[in-house]
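Student: As you go down the protein sequences, you meet chains A and B in turn. Per this note's numbering, residue 1 is the first one in the first sequence, and the count goes up by one each step. Per this note's numbering, residue 147 is the first one in the second sequence, and the count goes up by one each step.
Derived from the structure by calculation, the hints contain no laboratory data. Heads up, the beta-carbon is just placed ideally off N, CA and C, and yes, glycines get one too. Do not rely on the hints blindly, as some may be mistaken.
As the list claims (entries may be wrong) - Among chain B residues calculated to face chain A with C-beta under 8 Å, some are:
(1) S172
(2) W242
(3) T274
Unchecked claim - A few chain A residues that don't get close to chain B, going by computed Cβ distances all over 10 Å:
(4) K76
(5) T78
(6) T110
(7) Q132
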Amino acid sequence: MKNALLVGTLLLLSVSCFAQSHSDLESKLIAMENAWNVAQKDHDTKALDALVADTFINTDWDGTVSNKGQFLADAKDTAYKFETVGNTNVSVFIYGNTAVVTGAYHSTGTHKGKPFDSHGRFTDTWVLINGQWKCVASATTHIQKA
Amino acid sequence: MSRTARTIAFLFLLAATLGAFAQDHSADEMKIIGMENLWNNAVREHDTKAMSEIIGDNFVDVEPDGAFKTKAEFLAMIKDPNVIHTILANSEMKVWYYGNSAIVEGNYHDKGTDKGKPFDFHAKFIDTWVMIDGKWRCVASHSTPVLSK
Chain A
1 MKNALLVGTL LLLSVSCFAQ SHSDLESKLI AMENAWNVAQ KDHDTKALDA
51 LVADTFINTD WDGTVSNKGQ FLADAKDTAY KFETVGNTNV SVFIYGNTAV
101 VTGAYHSTGT HKGKPFDSHG RFTDTWVLIN GQWKCVASAT THIQKA
Chain B
147 MSRTARTIAF LFLLAATLGA FAQDHSADEM KIIGMENLWN NAVREHDTKA
197 MSEIIGDNFV DVEPDGAFKT KAEFLAMIKD PNVIHTILAN SEMKVWYYGN
247 SAIVEGNYHD KGTDKGKPFD FHAKFIDTWV MIDGKWRCVA SHSTPVLSK
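Extracted from the complex, chain B is given alone in its bound form (with noise of 0.2 Å):
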């Protein structure tokens, strides 16, 4: 093999390397993307079984009031028949990938009845997700009332 034939076998690696790096690095900020949503479709459904899927066994809570919430606490929150979310969307998503772990920032909509009581508000949320036995894991979860809204 000449010398320029070994370079350009050397470029064509590297950047099957760089693509494939870059894609695994997609992939899994799509992923977190996909389980923040399902996430949403849980607290909506009351569903505990599926939201005990996406957070990890110590996982900790911050809610928009101050609150804070062990793993147990926060699935006994999302369980009460008692609070309606009709709206509960995320938006505005971004993703920094550090390898075992990333962070998730966006915000969101929260809108439905408490014991027949309306509530409908805005909030930022900071989410840390960490890839525990092969899964991605959410291990905390803070929310922060947007107070210009």
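Looking at chain A on its own, in the form it has when it is part of the complex (with noise of 0.2 Å):
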């Protein structure tokens, strides 16, 4: 009996440890998600380059794809002017080192002086690489407003 109390209270700590994590994981992930977005309001390509991996790949709304490099160089793109870039209706699903975010987001501001208010979908993949939580994969996709 008193092994029996022992092993379900040690299991009983076990899964309460594993939620913590799993927890703790969606939050880091959900933080990360919104310093992308502060970074890219901000044109912070020294930010969103500790975001994403090495080999990030990025496929806009319009269906262009682009690597690290060019991610990085639209994001500094001052032509581009955010007022507001906000994610709802955020989910994480974790696999263990690989983590998937998704979500709606909804974008305003100015392109070349042209006004944009651009609501969507995105799909973001996240590898833990060398310790550290990356960004490997992102697709956005926009949503028509009735």
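Put the two chains together into one complex; each comes in its own frame, and the hints tell you how they fit.
Tutor: Written out as structure tokens, the structure reads:
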């Protein structure tokens, strides 16, 4: 009986630690997604560089595919001025050293002085590389507003 | 064994190990590409059983119009006999391998009819594959229409 209680307690503790660590990771990845939006808004390529992997691939809402170098060059382009960039309905799915983050985004601003107001969906895949979570792939698709 | 013989033996073992690693990696890539093609067959044939084996239980999908689907919603969509695909083919697929996960990026062309109404579009896709219980499963698929085509 004593042993059963001990095993039960250890099991509960393990489950609790696992849940805690999953929840911590979810929070961490959501924070990194938010840091991404801030970096994009501020054209902060140094911050973006730290968030994405060297092998990063990005599919933009118009179907343009870019590698890390092209993505950072685009992010640097000050012709885009973001007023707001925000995510909603964000979900995190963790698979060991890989995680998928999905959600909706809304960005407003101007491009070469012309206003834009864009709603879309994103799917980001994060992988633990050398002890650090890095985004290896990002894809966005516009949602047509009725 | 002389020092030279030991060095040669070590280099031979190193080359064999690296070769085996590269081969495993390449075998996984080929397997995943094969599953991408099976995916298209399953969609064309409305084969939800085959598709259910390809995708993970927590699969998430973003369609070219931005619609978000869970595994159940995705399977219900491909089951719909009103959608007939005459062409569903991938091209220019590339695989990025990360050990227990992989990303496949590519193009697809989808042509057919939906309730008799024709459709024909080109899109980009990014699929995330994860090794779950010894099997590769797609856990996320995201499509983006190519606006220039």
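Student: It remains to establish, for every hint, whether it holds in the given structure.
Tutor: Structure-based check of all given hints:
{"no.": "1", "hint": "S172", "verdict": "violated, 17 Å"}
{"no.": "2", "hint": "W242", "verdict": "holds, 5 Å"}
{"no.": "3", "hint": "T274", "verdict": "holds, 5 Å"}
{"no.": "4", "hint": "K76", "verdict": "holds, 22 Å"}
{"no.": "5", "hint": "T78", "verdict": "holds, 24 Å"}
{"no.": "6", "hint": "T110", "verdict": "holds, 20 Å"}
{"no.": "7", "hint": "Q132", "verdict": "holds, 13 Å"}
Comparing the model with each earlier hint shows a violation of hint 1 alone; every other hint is respected.
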